[in-house]
Each structure stands twice: as structure tokens, then as C-alpha cells.
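Between the sequences and the hints, there should be enough to build the whole structure, so can you do that?
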Amino acid sequence: MIRSENGYFGEFGGRFVPEILLPALTELEDLFFELRDDPAFWQEYVTLTQEFSGRPTPLTPLRRLSKQLGGAQIWLKREDLNHSGAHKVNNVLGQGLLVQRMGKQRVIAETGAGQHGLATAIMAARLGLNATIYMGAEDIERQYSNVFWMRQLGSDVVGVSTGAQTLKEALDEALRDWAASVETTHYVLGTACGPAPFPELVSYFQSVIGDEIKDQSIRQMGCLPDEVVACVGGGSNAMGAFGAFLENPEVALVGIEAGGISLEDGKHSVRLSQGTGETGIAQGYKTLFLQNDDGQLGDTHSIAAGLDYVGVSPILAYLSQQGRVIADSATDDEVTEAFSLLMKTEGIIPALESAHGLAGGFKRAKSMRPEQNVVINLSGRGDKDIFNIARAFPQREWTEFLQREAARSTELLAQKGGH
Amino acid sequence: MFPAQYETLQIMSHAVIGFPSLEENEKAIAGLAVAGVKLIELQVPFSDPVADGHTLVNACYEALKQGGSVKATLDLAEKVCARHPEVTFVLMSYLNPLYRYGLQALFEKAAAVGIQGMIVPDWPVEEIEPWLPKLDELGLAPILMVTPNTAAERVERITRASRGMIYVVSRMGVTGHETQWGEKFQNYIAEIRKHTDLPLAVGFGVRTSNDLNALSGKAEVAAFCSQYIEWQRDDGSEIAANKMQTIVKAIDPVGV
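Protein chains in written order, with our numbering: chain A, -11 to 407; chain B, 3 to 258.
Among the hints, a few may not be true.
Listed next, the in silico DMTMM-like pairs over lysine to aspartate or glutamate satisfying Cα-Cα at most 20 angstroms (straight line) [unchecked claim]:
| hint | chain 1 | residue 1 | chain 2 | residue 2 |
| --- | --- | --- | --- | --- |
| 1 | B | LYS73 | A | ASP281 |
| 2 | B | LYS73 | A | ASP282 |
| 3 | B | LYS67 | A | ASP287 |
| 4 | B | LYS81 | B | GLU28 |
| 5 | B | LYS67 | A | ASP281 |
| 6 | A | LYS92 | A | GLU129 |
Just so you know, the hints here were simulated from the structure itself, not pulled from any lab data.
Pasting the structure below:
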């Protein structure tokens, strides 16, 4: 796995935080540096992911779809089969081990699609910790089912109504909470972004994905894959999938960003692939941000709340700049098409975030030869997207059901005298 | 001019450039000068102000809609520095807007228009140190923050890199909430004084006359910011300036 130089990856990374947060980041870094080379710690982590989250997740060949597209063989790394339904839980379980060692009793997290928040709520419930999850008010509306479950699991979900009310603002608010609570609280950052050591630490725990892909490829394909494709929001599932292959230049690593509606300002979340992102320093680190000439961070859009983010992992910014990672993007329309294609051809319901990886990966596979292999990281499952998908494919039947359900739920609430 | 060590308590107040509007900023700053405020922070509004509480966060969003920017801040600074020579103006900003402008160009321009100091909460001492020769040459004072959880050796490093004064964050958290000024706080101040002869500007949670009198005789500067911005937001700049005048006059020079 890639290592930083004093928290930097080339010119990106670093630790640009208010002084108050520094001791906690140093404490975390010291602990992480002490543990990351300890095979016993890695084994403890892997065992936990086996016992609790069903790892290793399978590498599934898409035989029918590959044939239909007529190019390379497509394989899916099934992170959707994790407990909680996404790769996010890997990082959270790992950070849970760190929280236990630090003896902190409370955790906070930011969440976009809610998968990281859900994973954090699950970890907190399991370890008996208090959890507060910050989520943009807009994202709460888009991913209400995850909010529902986080609250059922005992977490406090706080809606953030500043700015565009998405992941960026949730991260700001989590940092504000942490400034007040840092001595007793661990911030479970959900992606390979933010101040050092988070990009490195999150990538370390997620590297379990790429390690498995490597073993499974050799066993199932008899060789390494030609390409590994992953969607890129903050970059944690991509770093996880790519990490094991950084030293294998024959394996192309492809990150797919959210092309949204168009490349117009505020209509997409493309930072790497179209020269849209520019170097900036915010939210604790230096990377490519969507921003204006005054250095104000821009608004983003994606059909997938989990990719709707203004910055990107400094490690990916560096690898992309070095040419090691190829960056591309998929639009909202391409994504819903790939979503539908996977579902109808292979019986797998992907998350909209992951469907970006599918759209990009399918496109590349088509232009490749049948003896070649493409692995796409299916970072999460799509159950959480039922409302968004229903909106993308409007049906009278669904709308009528919602009306009946709303009436039933209102009646029930009135009977029980709830609020 | 920054106050001398152990000088009587002064108030440092605040303007978020563009809040409530660029024109209003000029009137508000004039009002503060009349009220007897000798130090004023000119805050560049930012989309992601992570060290600020809701008052300043919302003021930033509003300011951005009204045309607040680095350039607008420098333009305003040029006018107010010339108009109010008795006031020391300090640039307050998050790092990214300054970084985008170009740090060296920004420092030169800021010094040229008469800004005397700089507070950048997400700019750590390690990153500031390489700039010290340039900043010293320009006479632009980096005012670094010390927080209650800063380790002694780091306080030493921060105070050594600071110029003009040290910004003492009074408590954990963000701006805009109450603070207790008891024995624990006084020990904290005493610890910092062991490392520096620079005057101390205490900020975060300075909201009332009682807070000011608690600080009088213990610190040289009290940053009275969020409360002032709330007055400005709720009552307008004129009434806010009157309230500030009352507060300034009520400071007991000996303290409590």
C-alpha cells in the first residue's frame, strides 16, 4: 500500500486543521503507525471482517452480460454483500479497533449516501459507543431509509442545513463537533480524504478489497485482471480496490467520477478527469477541489449522494497526476442505464454510486478482447436507492402505493398519539 | 500597532466582508472606530469555515452572496486602513481563498494596503514557518492560535512563529458559545505567558461586559466577534456600534 511522506502524496495531502484538532490527529497517527506493520493487528482486523461482515466478498463473473457486450470478461467484486450493504463497513470496523484502543466512548461521522453513517451506527451499537452522524439535509431526503436505520440503531442523526446541504457541509459540521469534543470523541472519517492520517488510514483498511481481488483473480482467472474499475466519490472504495495493484503496472486502474447532468458548474462532481478540479486547501487537506477563482468551494451534483463531493482523495489526485490511475466519468443517464442493464441481465441490484463504475467499466470492456478481464468494484447494493430509482423510472403503481402507505402511517401515528 | 504586553484590555472586533453588504461594512467599521475599538478583524468569507460557529458561518454564506471575496476584502482594507489610522486591521481568512489568490502576492498586497496582521485558523505553524522571513520583511504579523489542548512544546513553537500577539482560543469548540473564566483558564494563560512576551488576544466566547471584565488585567485583547455580528445582523450596524461603545466604556481597567 502507498505511503505518504509526512502526510503528503506528491503535492497533495497534508494536515491543515485548526490547532485544536491537532492533538487528536497526532494521537491517531501514532497509533496507526504503530499498528499498521503489525501482522497480528491486520489478522485481528481481517478476522473481524470475516466474523461480522462476511468477508471475503465474492468475485462474481458476469457471463451473460460479458457475452452480450461482446468484449472483455467482466467480474464484479461484491462489496455490496458486506454487512450494511457497502464497502464502508470495512473502514469503520477497522477504526472501531482503534477507538477501543484509544478508550474513547463516543464517535462522530459525516455521511453522504448514508452508507458510512449506517456502518458507523452499526459499529457503535456493537461496541456500545454513543454516535452522532452528520448528514446534509438534502441527502437525508435522498437517502431516508439509511437515516431511519441509523436512528433505529441508536445513533443521533443531525441534519446539516448550511450551503448545498450535502456531504461537504456534513464534513464541516463533523469537524466543528470534533473541535469541541476531541478529547472524548473519535471522528470516524468515512473516506480517503481529510487531514493526515485519514487518507492513508482509510486506504489501509479498505486495501482488504484489492488484496482479495488479487487472490481471487489468480484463482478464478488464472492471472491478474487487465483492468480494475471503481467509482470515485471521496475515493475510499477505489483506493481499496487499486491498492494491491499499484506495483503491477500491467493492471490498468480506472476511476469513474460522477459526470452528473453536464460539465456546467454545479451540475457534476468531476474533479480528476476533465481538468475541472483545481488545487486547493480545505477541509483539512490539499487536493483537487471544484472551486471558483476566489477559492470558494463549488456546488456539486450527482444522482448518487455518495459521489456528490467537492474534493477527492489526495492519493487519487496524486496517482491521477502521475498517470497511474486513469480518470473517466459517467453521466446520470449512463448510470441509470448501466444500473438497469446489470439488474436485468445478472440479477444484481447495484448502488447508484457503484453503477458509475459499471457504466465506465462496461464502456471499457466493450472495446477490449474476450480473453481480457475487467474487475469492477461493486462498492454497494442498491436497496437504499429504491426511492431514487423509482424517481428515475416513474410508475403510477409505486406512487399510489406511497400514498396508501403515507395514509396508513399517518393513521397509526394518530392512534398511538405519536409526534 | 498591537498593544504592548500587560497593556489595559482592548477589544478586537470583526467585519465579515460582504455581510450584510459591502457598503454597510464601511459604515460598520467607522462605527466601531468611533466606539473606541482599536483592533478590527476583516474576515474573508469562505464556503467552508470549519472553526466558526453558526453566527459566523451564516454571515459567511450571506457575505458570499453579497460579493464578499479576497479582492473585495483587500479593496475595503485599502479604504478603511487609510481612513482609520488609529485602528489596527487584521486579515482573518481560511487558507484556501488566500492560497488561490497566491500567497506571496496576497501578503504583499495586504501589507501594501495597510493590513498589519493575519489570522488563518487552518494554517498550521509548520506551513507558516517557511514564510516568516517574507512576512517579517513586509511587516505582516502572523497571529497564531494556541488552544487549551496544545502541548507545551508546541506552544513554544507557535509562540516563536507568532508576531504581534498570540490568539488564545479560550476553550474547546468553535466560535459563538459561552466560556468560563475560572482558575483553569487563568492557569492556561499563565502557562502561555511562560513561553512569550507577546500580548495575548483571547477569543471564543467573549460575549458580555462580564466576560470583558473577567479578562481585564489578565489579557491585553479580547476578541468580541460573534456577539457583535449578531447585533449587526439583528439590529443593524448603527445600533451594533452603539452597543459596542457601551461595552468598551464599561471595561474596568483593573478587572475583577
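Going through the hints against the structure:
no.	hint	result
1	B/LYS73 <-> A/ASP281	holds, 10 angstroms
2	B/LYS73 <-> A/ASP282	holds, 8 angstroms
3	B/LYS67 <-> A/ASP287	holds, 14 angstroms
4	B/LYS81 <-> B/GLU28	holds, 8 angstroms
5	B/LYS67 <-> A/ASP281	holds, 15 angstroms
6	A/LYS92 <-> A/GLU129	violated, 31 angstroms
In terms of the numbered hints stated before, the structure departs from hint 6 and from no other.
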